[in-house]
Amino acid sequence: AQKVTQAQTEISVVEKEDVTLDCVYETRDTTYYLFWYKQPPSGELVFLIRRNSFDEQNEISGRYSWNFQKSTSSFNFTITASQVVDSAVYFCALSDFNTNAGKSTFGDGTTLTVKP
Amino acid sequence: DVKVTQSSRYLVKRTGEKVFLECVQDMDHENMFWYRQDPGLGLRLIYFSYDVKMKEKGDIPEGYSVSREKKERFSLILESASTNQTSMYLCASSEDRGHEQYFGPGTRLTVT
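Chains A and B, in that order, give the protein sequences. The opening position of the first sequence corresponds to residue 1072 in this note's numbering, with each subsequent residue numbered one higher. The opening position of the second sequence corresponds to residue 214 in this note's numbering, with each subsequent residue numbered one higher.
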């Protein structure tokens, strides 16, 4: 069975601080995909990034960066110089390529609050 | 841009009523999903579909059924609504296995 653990339920930082959201996953599959989604206060989940199990390169997109380490089964997300607009619930998800539809297992989410 | 729409943002129903939640996507995606989101429980998969008329149970299918007669539309049915089905319901679609999901705005259902 697949499992995604986001141990941090809530994080609060002050604007301009860097913050890392942790994600640890469990799967027996060799082919899988990892995702991060953002759910702002307005409610609609928005896709941020996808990583496949064969690509361990870190990714940077503006103030966002992702660190994928198969050795520790982790896919952590760092926001540099956080802003108030980063306040949201962030979900990490794991998709099983071998099932119909490649359904995803989501973590419980981390609520990030960035204070001005 | 992919657009996933849900028929209602807010819905109030009475216990025992039959409830239909509709979801439509405009990108010809193969896969569609229904989740419910509750505080502290994350997103839980109710049902999903990987083709027209093809559906599978997710993690919490009890009390729900689904229908997918056309590729773009995926309906969630609560046969006899109960108060413990009060929740936020999210619909999503994806192009293929391993692809990201695109979510609708959600329907907040209250059963009284």
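It should be emphasised that the hints constitute simulated quantities derived from the structure, not laboratory data. Ideal Cβ placement from N, Cα and C applies to all residues, glycine included. Please note: incorrect hints may appear among the correct ones.
So the derived list for chain A, only partly shown, Cβ under 10 Å to chain B, looks like this [stated by the list, open to error]:
{"hint": "1", "residue": "T1091"}
{"hint": "2", "residue": "A1164"}
{"hint": "3", "residue": "N1169"}
| Any hints this thing doesn't respect? Which numbers, in order? | When the structure is compared with the hints, only number 1 turns out to be violated.
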